[in-house]
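Modelling step: build the complete structure from the supplied sequences, incorporating the hints.
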Amino acid sequence: MRSAAILAALPLALAAPGKRASPAPLLKPRNADVIEGKYIVKMKNSSGLQVLEAHKSLVSSKVDYTYSSHKFTGFAASMTAEEVEALQNMPDVEYIEHDAIVRASATQTNADWGLARLSNTSPDSTTYTYDDSAGEGVCAYVVDTGIDVTHEEFEGRATFASNQVDSDDTDGNGHGTHVAGTIGSKTYGVAKKVSLYAVKVLGADGSGTNSGVIAGMDFVVTDSPQRDCPKGVVVNLSLGGGVSSAVNEAAANVVSAGNFMAVAAGNEAQDASNSSPASEPSVCTVGATDDTDALSYFSNFGSLVDVLAPGSDIESTWPGGQTNTISGTSMASPHVAGIGAYFLGLGVSSVEDLCEYIASQAQSGAISGVPTDTTDAIIQNGQA
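In mature numbering (1 follows the signal peptide of the UniProt record, and there is no 0), the protein residues as written are -15 to -1, 1 to 369.
No wet-lab data here; the hints were simulated from the structure.
Some clues are possibly wrong.
Stated by the list, open to error - Below are the BS3-like pairs computed for lysine-lysine, each with C-alpha atoms no more than 25 Å apart in a straight line:
(1) K171 - K216
(2) K47 - K13
(3) K29 - K41
(4) K216 - K56
(5) K23 - K41
(6) K13 - K29
(7) K13 - K41
(8) K13 - K23
(9) K47 - K29
(10) K23 - K56
As the structure is a computational prediction, the values presented were derived from the model and not from experiment.
Next comes the structure, spelled out in structure tokens:
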């Protein structure tokens, strides 16, 4: 009876098409920590904002997130089983997916070789050679735990742009500040003149939700055209969870809107096809290497990994004006976001072809310990 009452509440414009022939799929992310009672509703791309708002009105709880950028329209909320069933029967609903936990992809350790490796053909160099354009004119969005924008290493180039997880516009974890430092700090950054934008989707404990990560990506799509980014936009996601259709589709939406996205492959020493957003083919998925030019013991692998980058014992910025040395594919991915910004600053590649260009400039055959279906090429900036 509850389901029938919900259906009756629809405006006439929505009720006219009637029930669909079969319910919209109810998806559960694979290998994920599902959040009971919380769901992501993906609308069909043909749905307008009026239709979206009408569907949101069917949910009795407060809607957590609304998505309406480019090719990803939908919302996330806590729902009863009856509300889920009612929405499954709406013709404009593409699918509904259980929300799930995502986590930063880093592990704590204590040694900076990674930056030097990008402009040298062996891991024992201590110099980093780069063009002075250094990513100037490029915007880099760090979808993570936030950024300590007051850190002197960012030279006033970092902005706290959005918070999708709490009311604290700081980095209470450190992970996001470390990632941002690898992309664009003055000492540890690959692209030392890039503009950095924090999009906070993970809390102080380094975890968040799929729905919050999607909201962060949705923000990037709507915000980036309003920024001064004449050379282009790169986006970094050093996080992951179980395989999620909604997360992958939201990531693809960022890319199709004209942005480059680097994504951590994950730290489970398994195939990257088991993680999102690493399993989305249109992003640039990054595995990690260590200072012996071997695949990092924790790094995910497989045919979906586009390139490899330094990820073990990487020193970078940390909140409070500090530095820290940590490991993970979280540390490898910002090397690729940074080198993407660097190449865009040089004008040698378009955003659309950037992942392929980065792979074409990488040093092939350099990395040991990789499975046969995984690339053995480590990124280079063309200065070796």
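Cross-check of the supplied hints:
1. Between K171 and K216 the CA atoms are separated by roughly 19 Å; this keeps the pair inside 25 Å, and the hint holds.
2. Simply put, K47 and K13 have alpha-carbon atoms about 22 Å apart, close enough for the 25 Å limit, and the pair holds.
3. About 14 Å separates the Cα atoms of K29 and K41, which keeps this hinted pair within 25 Å; it holds.
4. Distance hint between K216 and K56 is fulfilled; the C-alpha atoms sit about 23 Å from each other, no more than 25 Å.
5. Using a Cα cut-off of 25 Å, the hinted pair K23 and K41 holds, with the two alpha carbons roughly 14 Å apart.
6. Note on K13 and K29: the hinted pairing holds, with a Cα-Cα distance of about 19 Å set against a maximum of 25 Å.
7. For the hint pairing K13 with K41, the CA-to-CA distance comes to about 21 Å; that is within 25 Å, so the pair holds.
8. With a C-alpha separation of about 11 Å, the suggested pairing of K13 with K23 holds against the 25 Å cut-off.
9. Restraint check for K47 and K29: the C-alpha separation of about 22 Å stays at or below 25 Å, so the hint holds.
10. At roughly 22 Å between alpha-carbon atoms, K23 and K56 fall within 25 Å of each other, so this suggested pair holds.
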